[in-house]
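2 protein chains.
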Amino acid sequence: MQNWLLPEYIQDMLPDEAWHVDLIRAQVIDLLRKNGYQLVAPPLLEYAESLLIDDSRDMDLRTFKLVDQLSGRTLALRADITPQVARIDAHLLNRQGIARLCYAGSVLHTMPAGLNRTRELLQIGAELYGHSGLESDLEIQQLMLQALALIGVQDVHLDLGHVAVFRALVKHAQLDSDLEGGLFAALQSKDVTTLQGLVAGLDAESRSAFMTLPTLYGRCNEVLERARKLLPELPEITSALADLQTVANKLQVSSIGIDLADLRGYHYHSGMVFAAYHAGSHDAIALGGRYDDLGKSFGRARAATGFSMDLRQLYRLLPAQTAHLAIRAPYSDDVGLSAEIANLRAMGEVVVVNLPGSEEYSGELQYDRDLVLRDGVWQVVAI
Amino acid sequence: MQNWLLPEYIQDMLPDEAWHVDLIRAQVIDLLRKNGYQLVAPPLLEYAESLLIDDSRDMDLRTFKLVDQLSGRTLALRADITPQVARIDAHLLNRQGIARLCYAGSVLHTMPAGLNRTRELLQIGAELYGHSGLESDLEIQQLMLQALALIGVQDVHLDLGHVAVFRALVKHAQLDSDLEGGLFAALQSKDVTTLQGLVAGLDAESRSAFMTLPTLYGRCNEVLERARKLLPELPEITSALADLQTVANKLQVSSIGIDLADLRGYHYHSGMVFAAYHAGSHDAIALGGRYDDLGKSFGRARAATGFSMDLRQLYRLLPAQTAHLAIRAPYSDDVGLSAEIANLRAMGEVVVVNLPGSEEYSGELQYDRDLVLRDGVWQVVAI
Numbered sequence: 041m042q043n044w045l046l047p048e049y050i051q052d053m054l055p056d057e058a059w060h061v062d063l064i065r066a067q068v069i070d071l072l073r074k075n076g077y078q079l080v081a082p083p084l085l086e087y088a089e090s091l092l093i094d095d096s097r098d099m100d101l102r103t104f105k106l107v108d109q110l111s112g113r114t115l116a117l118r119a120d121i122t123p124q125v126a127r128i129d130a131h132l133l134n135r136q137g138i139a140r141l142c143y144a145g146s147v148l149h150t151m152p153a154g155l156n157r158t159r160e161l162l163q164i165g166a167e168l169y170g171h172s173g174l175e176s177d178l179e180i181q182q183l184m185l186q187a188l189a190l191i192g193v194q195d196v197h198l199d200l201g202h203v204a205v206f207r208a209l210v211k212h213a214q215l216d217s218d219l220e221g222g223l224f225a226a227l228q229s230k231d232v233t234t235l236q237g238l239v240a241g242l243d244a245e246s247r248s249a250f251m252t253l254p255t256l257y258g259r260c261n262e263v264l265e266r267a268r269k270l271l272p273e274l275p276e277i278t279s280a281l282a283d284l285q286t287v288a289n290k291l292q293v294s295s296i297g298i299d300l301a302d303l304r305g306y307h308y309h310s311g312m313v314f315a316a317y318h319a320g321s322h323d324a325i326a327l328g329g330r331y332d333d334l335g336k337s338f339g340r341a342r343a344a345t346g347f348s349m350d351l352r353q354l355y356r357l358l359p360a361q362t363a364h365l366a367i368r369a370p371y372s373d374d375v376g377l378s379a380e381i382a383n384l385r386a387m388g389e390v391v392v393v394n395l396p397g398s399e400e401y402s403g404e405l406q407y408d409r410d411l412v413l414r415d416g417v418w419q420v421v422a423i
Numbered sequence: 041m042q043n044w045l046l047p048e049y050i051q052d053m054l055p056d057e058a059w060h061v062d063l064i065r066a067q068v069i070d071l072l073r074k075n076g077y078q079l080v081a082p083p084l085l086e087y088a089e090s091l092l093i094d095d096s097r098d099m100d101l102r103t104f105k106l107v108d109q110l111s112g113r114t115l116a117l118r119a120d121i122t123p124q125v126a127r128i129d130a131h132l133l134n135r136q137g138i139a140r141l142c143y144a145g146s147v148l149h150t151m152p153a154g155l156n157r158t159r160e161l162l163q164i165g166a167e168l169y170g171h172s173g174l175e176s177d178l179e180i181q182q183l184m185l186q187a188l189a190l191i192g193v194q195d196v197h198l199d200l201g202h203v204a205v206f207r208a209l210v211k212h213a214q215l216d217s218d219l220e221g222g223l224f225a226a227l228q229s230k231d232v233t234t235l236q237g238l239v240a241g242l243d244a245e246s247r248s249a250f251m252t253l254p255t256l257y258g259r260c261n262e263v264l265e266r267a268r269k270l271l272p273e274l275p276e277i278t279s280a281l282a283d284l285q286t287v288a289n290k291l292q293v294s295s296i297g298i299d300l301a302d303l304r305g306y307h308y309h310s311g312m313v314f315a316a317y318h319a320g321s322h323d324a325i326a327l328g329g330r331y332d333d334l335g336k337s338f339g340r341a342r343a344a345t346g347f348s349m350d351l352r353q354l355y356r357l358l359p360a361q362t363a364h365l366a367i368r369a370p371y372s373d374d375v376g377l378s379a380e381i382a383n384l385r386a387m388g389e390v391v392v393v394n395l396p397g398s399e400e401y402s403g404e405l406q407y408d409r410d411l412v413l414r415d416g417v418w419q420v421v422a423i
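If you read the protein sequences in the order shown, they are chains A and B. Using the working numbering, you'd call the opening residue of the first sequence number 41 and step up by one each time. Using the working numbering, you'd call the opening residue of the second sequence number 41 and step up by one each time.
Next up, chain A with everything else stripped away, as it sits in the complex (with noise of 0.2 Å):
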């Protein structure tokens, strides 16, 4: 029986990934708390109807269930973090003014996401609740590419998005949900025959718009100022587009487009929706967007806005970090020994000792360098 093997698509972190997704990972959460995010750590089992709140088919699929012995009841092993931090704003701190919130933690999926993804993602993500301006659209956008740029990952591209077009245009065709469940599959899909059959019935403004939103991505000012011409005009889609150019003004990234068929989330999403894309991966590296409405199957809506990213995913895109290595310290009772031992490990260093009767193996080495005692004095000299 070889049960050293794991599952398919879940993987150990041996010590060099294991340490530098840890250092990222506090990198991370330095950076939410200096900007006054609070961390909370909500459990990787709940009750399944807790988990699975908007309805989303694809989530449900993706969610391990099991059985709790305690209850009966069927639990779940949380596949995002994002609907359990809404649930901690609206029930557990239930403040009335703005909630910033950040969290790292696994997650599970029953399949794997993407290529080359892993079913054990670690989520990491910041959520600002109670406030529906752009202003903290803007703050959320900007921490996520400043959370890029601080560990490490150049050359990243940013793309907007506005649920909020998608959702007017079938508003005003007045659309049954068995149609806008198609439409929304084949614009994800950007599967245009699908999309040219769905359309068919509607009225020639509406089957164009549908029609155009796939072709709506792009260089910003581009695709805003074609979407202005090509759309109906429309008070949420006007606003939307508004909001759109404002805050692509404003953000400071190299690359930034605008996707207005990105549906991503669109269960949960209520506005503004951004991915950020790396040359490395094939998907998005770190996404987000507004939800106003998630709190409401806890009882309490709430503005809410957030990105999240897999530090597992962003790790492969790092270079490999150079490891450190250690100062080998011989076994002894000398206490200027020890002394030493612990003054070097609080400057930082790497200290192992030689425990007798060990042998050593060369390719097994972990230390460049050799404390011993010269001349009376306890000294680090190079092996």
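Keep in mind the hints are simulated off the structure, nothing from the lab. None of these values were measured; they are calculated from a predicted model. Check each hint, because a few of them may be wrong.
Any copy will do: because identical chains look the same in the list, a pair fits if it lies in one copy or spans two.
[What the hints assert, rightly or not] Computed list of lysine to aspartate or glutamate pairs in EDC-like fashion (alpha-carbon distance at most 20 Å, straight line):
hint, residue 1, residue 2
1, LYS74, GLU404
2, LYS74, GLU389
3, LYS74, ASP408
4, LYS211, GLU276
5, LYS74, GLU175
6, LYS74, GLU57
7, LYS74, ASP62
8, LYS290, ASP195
9, LYS230, ASP299
10, LYS290, ASP373
11, LYS105, GLU48
12, LYS211, GLU273
13, LYS211, ASP333
14, LYS290, ASP98
15, LYS290, ASP410
16, LYS290, ASP374
17, LYS74, ASP56
18, LYS74, GLU380
19, LYS74, ASP410
20, LYS336, ASP195
21, LYS105, GLU265
22, LYS230, ASP218
23, LYS74, GLU245
24, LYS269, ASP299
25, LYS74, ASP100
26, LYS269, ASP218
Guided by the hints, dock chain B onto chain A, whose structure is given.
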């Protein structure tokens, strides 16, 4: 539907707890790193047969199982990280010499492990592979005590035990595994009446030895003296008692005891075991021991010793930390303001930007200072 309710014995960590637990996690990981322990992060989910390797019925019952949709096989949520680290040592690192590994991660139990405990523990620990001498037992015990002191747990009591004593008695009396299991359970619960019944058929020496075990706990020297007098002179026992004496003499801890009936983890432990206690907790607050045989399940038995503890349990023993309050900054495009905010954050301060249109509510303030422009200079002033 009150979908914001969590399952029993499952809790969120809200900001005060989440920060403090994150801080002590970082402190312990840093201590272990500086002592040469390399971080690994095994997955939350594995095939059940990879996690349940020690034939412990208790562990089996405590482990959540679910079905892998990709393979149709049974997966388990880890209830302990040590067997995973043993797998990594045996199969992935594959070192000939000493390997020092550490980890920090969540484990889940179907039932709470003790009074006031959660079903989601944050297990942190260190393992030392490839050294069978007492020096490695001592290194691990000292690290555990240092870790407890570092995070602020005071007045710790340490109990030492040795599973070789019970094993030698079982072997000497030639007991079958049913009787061994019965004696084990009776000793664990210190159930003397049941014990008496079970040993009734044994020879006088064995009977007396098994009945003596539950009394062999208390002050170190005293218990070891009684054990040498009352237990049969088997070589394994003589050597175990001598090892306990050596280690007890070397450890610098104000309160130390011996408990020869402590068989916790007997299923995988093979030598000296130890547990730390604190007046604030009914259960042990940290524990560990030697488990030279665990790697055998993965095809490669290696000398091994390690310790682990639950940071969520330890957090409850620590005095509350005074929250460090933030600085509030106005919302503005002023370049000098942005520079001063960045500067304050670089110095470790939390600076919260006051978004336009956000009302403030007394009782929700997270800051005690304001960043204001006075005489053309941005300055921090008390509110």
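The hints, checked one at a time:
1. LYS74 with GLU404: between (40 Å within a copy, 18 Å between copies)
2. LYS74 with GLU389: between (27 Å within a copy, 6 Å between copies)
3. LYS74 with ASP408: between (37 Å within a copy, 15 Å between copies)
4. LYS211 with GLU276: within (11 Å within a copy, 81 Å between copies)
5. LYS74 with GLU175: within (18 Å within a copy, 43 Å between copies)
6. LYS74 with GLU57: between (26 Å within a copy, 18 Å between copies)
7. LYS74 with ASP62: both (18 Å within a copy, 15 Å between copies)
8. LYS290 with ASP195: within (18 Å within a copy, 56 Å between copies)
9. LYS230 with ASP299: Answer is within: at 12 Å inside a copy they meet the 20 Å cutoff, but 68 Å across does not.
10. LYS290 with ASP373: Answer is between: at 10 Å across copies they meet the 20 Å cutoff, but 63 Å inside does not.
11. LYS105 with GLU48: both (18 Å within a copy, 17 Å between copies)
12. LYS211 with GLU273: within (13 Å within a copy, 88 Å between copies)
13. LYS211 with ASP333: within (17 Å within a copy, 66 Å between copies)
14. LYS290 with ASP98: Intra 34 Å, inter 59 Å, cutoff 20 Å: neither.
15. LYS290 with ASP410: Result: close neither inside a copy nor across copies, 54 Å intra and 25 Å inter.
16. LYS290 with ASP374: between (62 Å within a copy, 14 Å between copies)
17. LYS74 with ASP56: Answer is between: at 15 Å across copies they meet the 20 Å cutoff, but 27 Å inside does not.
18. LYS74 with GLU380: Between. Shortest inter-copy distance 13 Å satisfies the 20 Å Cα cut-off; intra-copy 35 Å does not.
19. LYS74 with ASP410: Classified as between: cross-chain Cα gap 15 Å, same-chain 39 Å, threshold 20 Å.
20. LYS336 with ASP195: Answer is neither: 37 Å inside a copy and 48 Å across each miss the 20 Å cutoff.
21. LYS105 with GLU265: neither (46 Å within a copy, 54 Å between copies)
22. LYS230 with ASP218: within (18 Å within a copy, 65 Å between copies)
23. LYS74 with GLU245: neither (49 Å within a copy, 67 Å between copies)
24. LYS269 with ASP299: within (16 Å within a copy, 82 Å between copies)
25. LYS74 with ASP100: Neither way: LYS74 and ASP100 sit 35 Å apart in one copy and 43 Å across, limit 20 Å.
26. LYS269 with ASP218: Neither way: LYS269 and ASP218 sit 29 Å apart in one copy and 83 Å across, limit 20 Å.
Hint violations for this structure: numbers 14, 15, 20, 21, 23, 25, 26, all remaining hints satisfied.
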